[in-house]
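Chemist: Residue numbers (the working numbering), protein chains in the order written: chain X, 1 to 347; chain W, 1 to 347; chain L, 1 to 347; chain V, 1 to 347.
A portion of the hints provided could be inaccurate.
Heads up, the list lumps identical chains together, so a pair's fine if it works in one copy or across two of them.
[As the list claims (entries may be wrong)] DMTMM-like cross-link-like pairs, simulated, lysine to aspartate or glutamate; straight-line CA separation at most 20 angstroms:
{"no.": "1", "residue 1": "205", "residue 2": "44"}
{"no.": "2", "residue 1": "169", "residue 2": "249"}
{"no.": "3", "residue 1": "31", "residue 2": "70"}
{"no.": "4", "residue 1": "31", "residue 2": "270"}
{"no.": "5", "residue 1": "205", "residue 2": "258"}
{"no.": "6", "residue 1": "169", "residue 2": "225"}
To be clear, the hints were calculated from the coordinates, so they are not data collected in a lab.
There are 4 protein chains.
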Amino acid sequence: MLKVAVVGATGYSGIELLRLLDNHPNVKICKVISGSTDGQMLADIYPHLTGHFSLSLENLDVVSLAKEVDLVFFATPSGVSSKYVPQLLEHGIKCIDLSGDFRLNKVEDFAPWYKHQPAAQKYLDQAVYGLSELFADQLSSAQLVANPGCYPTATLLALIPALQGKLIKPESIVIDGKSGVSGAGRGLSLTTHFSEVNENLKAYKLGVHQHIPEIQQLITKLSGEQVSVTFTTHLIPITRGMMCTIYADLQDPGITTETVVEYYQKYYHDQAFIRISPAGTQPVTKQVLGSNYCDLGFVVEPRTGKLIMISVIDNLTKGAAGQAVQNMNLVMGWPQTTGLINVPMYP
Amino acid sequence: MLKVAVVGATGYSGIELLRLLDNHPNVKICKVISGSTDGQMLADIYPHLTGHFSLSLENLDVVSLAKEVDLVFFATPSGVSSKYVPQLLEHGIKCIDLSGDFRLNKVEDFAPWYKHQPAAQKYLDQAVYGLSELFADQLSSAQLVANPGCYPTATLLALIPALQGKLIKPESIVIDGKSGVSGAGRGLSLTTHFSEVNENLKAYKLGVHQHIPEIQQLITKLSGEQVSVTFTTHLIPITRGMMCTIYADLQDPGITTETVVEYYQKYYHDQAFIRISPAGTQPVTKQVLGSNYCDLGFVVEPRTGKLIMISVIDNLTKGAAGQAVQNMNLVMGWPQTTGLINVPMYP
Amino acid sequence: MLKVAVVGATGYSGIELLRLLDNHPNVKICKVISGSTDGQMLADIYPHLTGHFSLSLENLDVVSLAKEVDLVFFATPSGVSSKYVPQLLEHGIKCIDLSGDFRLNKVEDFAPWYKHQPAAQKYLDQAVYGLSELFADQLSSAQLVANPGCYPTATLLALIPALQGKLIKPESIVIDGKSGVSGAGRGLSLTTHFSEVNENLKAYKLGVHQHIPEIQQLITKLSGEQVSVTFTTHLIPITRGMMCTIYADLQDPGITTETVVEYYQKYYHDQAFIRISPAGTQPVTKQVLGSNYCDLGFVVEPRTGKLIMISVIDNLTKGAAGQAVQNMNLVMGWPQTTGLINVPMYP
Amino acid sequence: MLKVAVVGATGYSGIELLRLLDNHPNVKICKVISGSTDGQMLADIYPHLTGHFSLSLENLDVVSLAKEVDLVFFATPSGVSSKYVPQLLEHGIKCIDLSGDFRLNKVEDFAPWYKHQPAAQKYLDQAVYGLSELFADQLSSAQLVANPGCYPTATLLALIPALQGKLIKPESIVIDGKSGVSGAGRGLSLTTHFSEVNENLKAYKLGVHQHIPEIQQLITKLSGEQVSVTFTTHLIPITRGMMCTIYADLQDPGITTETVVEYYQKYYHDQAFIRISPAGTQPVTKQVLGSNYCDLGFVVEPRTGKLIMISVIDNLTKGAAGQAVQNMNLVMGWPQTTGLINVPMYP
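If we strip away everything but chain X, and leave its shape as in the complex, we get:
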């Protein structure tokens, strides 16, 4: 059994990790760490965990942690893992970081988008970007995984095949993102206050979202083109679920929806977590609830020469904890789906 710790165990990504890891046949959760709740029992903070974990929360102590576990998940806000991951790596511990601290490739890329000081370049160099379906090879030998953001996951799984297949013009991409509120975490703010969010739609962080450089970096890497993408984000009054509606100009406006769908079916043929909607249908967020699926739908619009792509994930699962577990599976050489395949909860 792999001995793991979860740092940031009381955030929403943290408890989603606990839910998934509890179901994993090869893992033992040895430590749950949360700075703000040292000494409390998990079930006192989250009664839904009663009967599943008898662990009490602890403060982070790198040295003792390195002795007791093999792999550490960081489900922490920006600026935490950049401090502690390097120390753990030096102790030979594997780390999977769900925050943005290791997602950008160069130290200087962080400043315009993140407030904290990034980790040293050598650790950024060491990090493998954990978009599991596209980087399985590199991930199999990674010691440090930079788990992707939720929006980049939904966006890139839709976009990269079209770019690699030269279906679309890279400079024409517009991404309209829509997210459930759990993505904003458990921290209190007016933005997540029920009476302000419920029955409301809100665009936020227009032009300044920290997922923009992450998306651009990957598009550049995988398409070979340096592009700027328009990416906007909207807060939707649901708890879980994310949809990215992506627009791009077709290279060949004569292509059909059926051809695009077939291309994606082939592209993801051996990927258990990617499901392509039949031509004429589009995925809805609820069809992936609580699962690690990313479901994709496509429409060719001959009138405008656009390809419209719909990508849906559960922001806490494939968009965070689920993909982190998938990456652990890859790192450990286990089948990607180990402990992760389940029927989404519907309705």
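Got chain X; can you put chains W, L and V on it based on the hints?
Modeler: For chains W, L and V alone, coordinates are given in the frame of chain X:
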């Protein structure tokens, strides 16, 4: 007092009309008409109306209607008003049609988007498109008003000034629409079944929505350019509220958000129902709930050279019944705001 | 025009007051007061108010306030009005307090339920309990109105007639209250955090809710019986709306639902804001949304000898700001309905 | 592997069964049956099932079914299983019926509450009521299980121990039930139309709910007392989740909450699916989402001499499909928790 009738009084636009007209100082509701509920009292179907209306619902009889009222609102599904409005017009009755039957200018425009047979060309010629802020002059002498669709209202009020001011390139427009469920009406379907909609996001009618030709027709008319726009629609689990996020390439990528905001403030300076959000802020749908406002926000994204526009309305008010009352005010020569100004309900 | 101030203008009851007062023909809002936001413009905090108020928020200064206004609404948390209302009363200002500070009759009644120090007994003696339908006479000469809590309003309007008519046994009353989240105000807490409330049901403050003594005091006063009532409260994931389901043993188990409904219709015959659902139907919360109505429904259950009463209000309107305006009307000798009658917003 | 069929596979209880059975180590789903969708693939109707089932839906044919499977789940509306279960029993097939057709003990009990003709008395006699925690012994030898209703499950698991322990007076029981909308199934009606349900609270079936005789029958059987209970039901705008708030007079008003909590902890000591909230806390519905748990909380109210009990379940899991799987486990002699233990989904 103007004597009015509401045909389709038991749909959601119909009861929103009743709510607004009940508050109007110059109007008397004389007839409420609904084919399916002939003879029932309004308050038996909608208990919230108890104490406000003692009218019973009737079937539509054009001849008797023409004797008893001066103006008729049609809040009916596609294909109804095209039959009855011509007869009422011949009787000299004013008509405001909330359906799509008179929105397109030419008979041949309907076939690709609508299933029913359109009205004769001469009636289409007679209809004035009721986007109140932009066509006040024509509306003042209209006998027949084609009240705009909800999406076109939100879209065009944002887009037209930018096109007229040559701020954006018309061929680059992408409109991502998001609507509350009341826009789908009271008819039963799985698409509006609570357990299927709640906690879910769904894109629908991609590339085939009947509001597409309406938007394109207006852009062409007001910008002088023949353009195809990408317009997609999403169903959001809220009852009321609509947001259109609109993307377009700037003619001058060096323009600032502040300049754009000032331009719109001037453009709509004397319009009571258009409110421009200060630079750096964006409107949310809830801030117009139950009101006739259309609130607009703007962001210039220098990185991509795009202008991003956020437009919010209450789909049943400014997107339907509210604008219909505003158009009645214009037709009658009353101040546009008569009976329509109220503080939105918040939270 | 009556010159009024709203203290606590940035809370949810405060902005609901502003919405209603803006629509009132006899009132001018002269001051909006909020300790935490001194100097800001109302519309900067609440964009939905844009175009309606050009007031900036001020700190509370009793002396200057007393010079500029005739009547002050307090929409403040517990413990504020008890300090300031006495001073304003001494200046001859009328006060309507939406908090609980003046609702209990005796100083000693507060300690078990409220944390703050109550006002002096003489001010409690001066306060008239503002359940408008039942105390219109006393209210007409009141200088200080203790506006009822939302739960007591919904409960007592259902319960008092049954007690006065000896329909039910006072010692058998069980009240199951269900409230929307706006009742918890705008203050941040995990209890009102979207992801914790949405798709969730929560019972809270069982046996210790501060509305219990308020309800008991009124039942005792109006029924002449000293009773303890069971009253529980549940948080429901809606923004506005409150339902109290009330159970009591019938004095005469042979009575019919129809007889009970007729009794209530007669009892409230001349009350514009009370609507009695026909026998066989029950009111839903949405049918009173944004209005000052309290709608009541009744079922006699012969099998158990119980009367079941359903009472619905909008917690921010009839449950707070609406009833406060109704009480102002009574205090000023205006018709109760002045500025308050509107069709509820539906759907 | 046990070969099973699900009749009514396209209802909400049906697909919840599929979700749970897909995860069960000892079961193979051989047939999915649904009258209305004969020949369609499951994943065409429910895209969330894509990749999990390649079964097509079939009509019910008892003879062929009896040859191919060992056990049949009926997740059908009232009146279906009463026809087909007897035939299957005669073929030696085990049946677990999630409808109400076999829940009442006597033929004559059905008429006042159900519309359909019940099964013959001998089949009612054969049925074992599947409240798993309380009837494990009888279930272990059952051929036919009458799976309890959702409300009876939540109610009885809270109530029975208190009755058996003589903590409360049976004649004083009031049950206030609150249910998510999925309990109403997938059939279309205005009652489940999004815009009518969302942001709304509705009491329904007051005094006539078919779960009343089921609850009374069990209370009588297990307490030895013939009682009538007051039981009301409310529709809450959430998809999944059910709470019953139960009120009863204490036999000994001097008992403490702590004593009650300890009593229940002992009572359910060896039951994996019952969790007792610590004194001073109450369970919320979300803490059992997607799981087979029933979580219980208790408050003694000395002021009124009442015991207040809060019981929460997921109406589709412990309230339907989860308990059905638990009953299958009991019938088959497997551990009750086989395939059923998972961390609830939170948030």
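Chemist: Looking back at the numbered hints, which does the structure fail to meet, lowest number first?
Modeler: Hint 4 is the one this structure does not satisfy, whereas the remaining hints hold.
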